[in-house]
Structure formats: structure tokens, C-alpha cells
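Counting from 1, position 94 in the sequence shown corresponds to residue 94 in the UniProt record's numbering; the numbering is continuous, with no gaps.
Please keep in mind that the hints were generated in silico from the structure rather than gathered at the bench.
Honestly, I wouldn't trust all of these hints.
Below are the DSS-like pairs computed for lysine-lysine, each with C-alpha atoms no more than 25 Å apart in a straight line [to be verified]:
hint	residue 1	residue 2
1	Lys59	Lys87
2	Lys47	Lys90
3	Lys90	Lys61
4	Lys87	Lys125
5	Lys87	Lys141
6	Lys90	Lys59
7	Lys61	Lys73
8	Lys112	Lys87
9	Lys125	Lys77
10	Lys141	Lys61
11	Lys141	Lys125
12	Lys73	Lys112
13	Lys73	Lys141
14	Lys87	Lys77
15	Lys59	Lys47
16	Lys125	Lys59
17	Lys90	Lys77
18	Lys87	Lys61
19	Lys59	Lys141
20	Lys112	Lys77
21	Lys59	Lys70
22	Lys47	Lys61
23	Lys59	Lys73
24	Lys141	Lys90
25	Lys125	Lys70
26	Lys125	Lys90
27	Lys141	Lys112
28	Lys90	Lys73
29	Lys141	Lys70
30	Lys112	Lys125
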Amino acid sequence: MVTESGTALFESDAIIEYVEDEYGPLEQGVTNEQRALDRAWSYLGSKHYLAQCGTMSSKDKTTFEERAEKLIKAFQKAENQLSGETKFFKSDALSNVDMAWLPLLHRAAIVKAHSGYDFFCGLPKMQAWQQNILESGLVEKTVSEDFDTLFSNFYLTNTYLAEGKDMVPTSGCGTSSCCG
Numbered sequence: 001m002v003t004e005s006g007t008a009l010f011e012s013d014a015i016i017e018y019v020e021d022e023y024g025p026l027e028q029g030v031t032n033e034q035r036a037l038d039r040a041w042s043y044l045g046s047k048h049y050l051a052q053c054g055t056m057s058s059k060d061k062t063t064f065e066e067r068a069e070k071l072i073k074a075f076q077k078a079e080n081q082l083s084g085e086t087k088f089f090k091s092d093a094l095s096n097v098d099m100a101w102l103p104l105l106h107r108a109a110i111v112k113a114h115s116g117y118d119f120f121c122g123l124p125k126m127q128a129w130q131q132n133i134l135e136s137g138l139v140e141k142t143v144s145e146d147f148d149t150l151f152s153n154f155y156l157t158n159t160y161l162a163e164g165k166d167m168v169p170t171s172g173c174g175t176s177s178c179c180g
């Protein structure tokens with residue numbers, strides 16, 4: 001995020017803190033307990049960003065599958081937490097948790113669009129959350145216009161995902177075609 005003074009901020013949690021310090025709380029009436037839970041869920045998303053990068057940059061099938069398995073465990077935790085009855089993580093309004101997970105959800109969508117591999121295969125609530133985040137317009141406000149191309153050139157060139165020849169569906173996919 002670029003501030004009004006031109007400073008580029010990074011890391012979802014730091015951006016959320018800046019926005020709340022500058023403009024007030026994103027959500028009103030949140031208890032300290034809920035705020036702590038929100039931070040924990042935000043942290044889970046943020047902490048797996050690098051794991052997702054490592055998975056996407058894997059050069060061979062074995063490395064990709066080992067890394068994807070660990071990453072998908074975090075996605076399964078979120079799947080179990082999502083109600084499936086709201087558009088976003090906690091409600092029908094965007095929250096700090098949604099913003100912290102946005103990079104993971106967005107990058108997974110790019111991977112699926114370009115390689116056919118779906119990190120959220122077998123996780124219908126994650127897929128719905130991802131779709132709602134993508135439709136919110138928030139992605140376009142957080143990345144450059146050429147992000148998709150730059151991302152694809154980096155993660156989807158000379159990687160296992162780029163080849164995509166012998167991708168096997170992850171556990172939980174069954175015979176679904178959502179996994180590439």
C-alpha cells in the first residue's frame with residue numbers, strides 16, 4: 001500500500017495497523033477476545049505466504065507435493081473455521097483477516113488460472129471465500145496492473161507448476177477435475 005505521502009507499506013498486519021491508526025478501527029464493537037482471535041487468523045495467513053511462495057517455486061514434483069501438503073493443512077484449518085454462510089471470513093463485511101489472507105487467495109487464483117492446479121480443491125468454503133475476495137475489488141487496489149504477468153513470469157516459468165504435466169490431485173479431491 002502506498003500512503004498519501006508516498007511511502008510504500010508492506011505486510012498485511014502492518015498495513016491494517018496503519019489504516020486503523022490513521023483512520024480508526026476497521027470494525028466497531030469488536031471485543032478484545034475477538035481481536036486476539038482475528039490477529040491469530042491473520043497471522044496464520046501471513047505466516048503461510050512464504051510457504052506458498054516456496055511451494056509455487058518448487059522445481060520438481062516431490063518438492064512441490066511435500067510443500068503443498070504442509071500449505072494445504074493451513075487451508076484446511078481455515079476451511080474448518082469458515083461458516084460457509086457469509087461472504088468473507090467472519091461476516092459479509094471485509095475484515096483484517098480477509099486482508100491478511102488476500103495475497104494467498106489471490107496468488108492461488110493466478111496459479112489455478114495459468115496451471116490448472118487448485119490449492120483449494122476439496123475445500124468448498126475456501127473456494128467461495130476466494131471468489132468473494134476476488135469479486136470485492138480489493139485485489140485491484142493492492143497490486144500493480146502488471147502483477148499477473150510479473151507473478152506468472154516468476155512463479156510459473158521454470159517451475160513444477162509451469163510444467164504441470166504429471167500433477168496428481170491432492171488428497172480430498174477424489175476424482176474431481178479441480179486439481180489439474
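Results for each hint:
no.: 1; hint: Lys59 with Lys87; in the structure: 35 Å, violated
no.: 2; hint: Lys47 with Lys90; in the structure: 19 Å, holds
no.: 3; hint: Lys90 with Lys61; in the structure: 35 Å, violated
no.: 4; hint: Lys87 with Lys125; in the structure: 10 Å, holds
no.: 5; hint: Lys87 with Lys141; in the structure: 19 Å, holds
no.: 6; hint: Lys90 with Lys59; in the structure: 36 Å, violated
no.: 7; hint: Lys61 with Lys73; in the structure: 18 Å, holds
no.: 8; hint: Lys112 with Lys87; in the structure: 21 Å, holds
no.: 9; hint: Lys125 with Lys77; in the structure: 11 Å, holds
no.: 10; hint: Lys141 with Lys61; in the structure: 34 Å, violated
no.: 11; hint: Lys141 with Lys125; in the structure: 24 Å, holds
no.: 12; hint: Lys73 with Lys112; in the structure: 18 Å, holds
no.: 13; hint: Lys73 with Lys141; in the structure: 29 Å, violated
no.: 14; hint: Lys87 with Lys77; in the structure: 18 Å, holds
no.: 15; hint: Lys59 with Lys47; in the structure: 22 Å, holds
no.: 16; hint: Lys125 with Lys59; in the structure: 29 Å, violated
no.: 17; hint: Lys90 with Lys77; in the structure: 14 Å, holds
no.: 18; hint: Lys87 with Lys61; in the structure: 34 Å, violated
no.: 19; hint: Lys59 with Lys141; in the structure: 31 Å, violated
no.: 20; hint: Lys112 with Lys77; in the structure: 21 Å, holds
no.: 21; hint: Lys59 with Lys70; in the structure: 17 Å, holds
no.: 22; hint: Lys47 with Lys61; in the structure: 23 Å, holds
no.: 23; hint: Lys59 with Lys73; in the structure: 21 Å, holds
no.: 24; hint: Lys141 with Lys90; in the structure: 21 Å, holds
no.: 25; hint: Lys125 with Lys70; in the structure: 19 Å, holds
no.: 26; hint: Lys125 with Lys90; in the structure: 12 Å, holds
no.: 27; hint: Lys141 with Lys112; in the structure: 21 Å, holds
no.: 28; hint: Lys90 with Lys73; in the structure: 20 Å, holds
no.: 29; hint: Lys141 with Lys70; in the structure: 30 Å, violated
no.: 30; hint: Lys112 with Lys125; in the structure: 16 Å, holds
Hint check: violations occur at hints 1, 3, 6, 10, 13, 16, 18, 19, 29; the rest are consistent with the structure.
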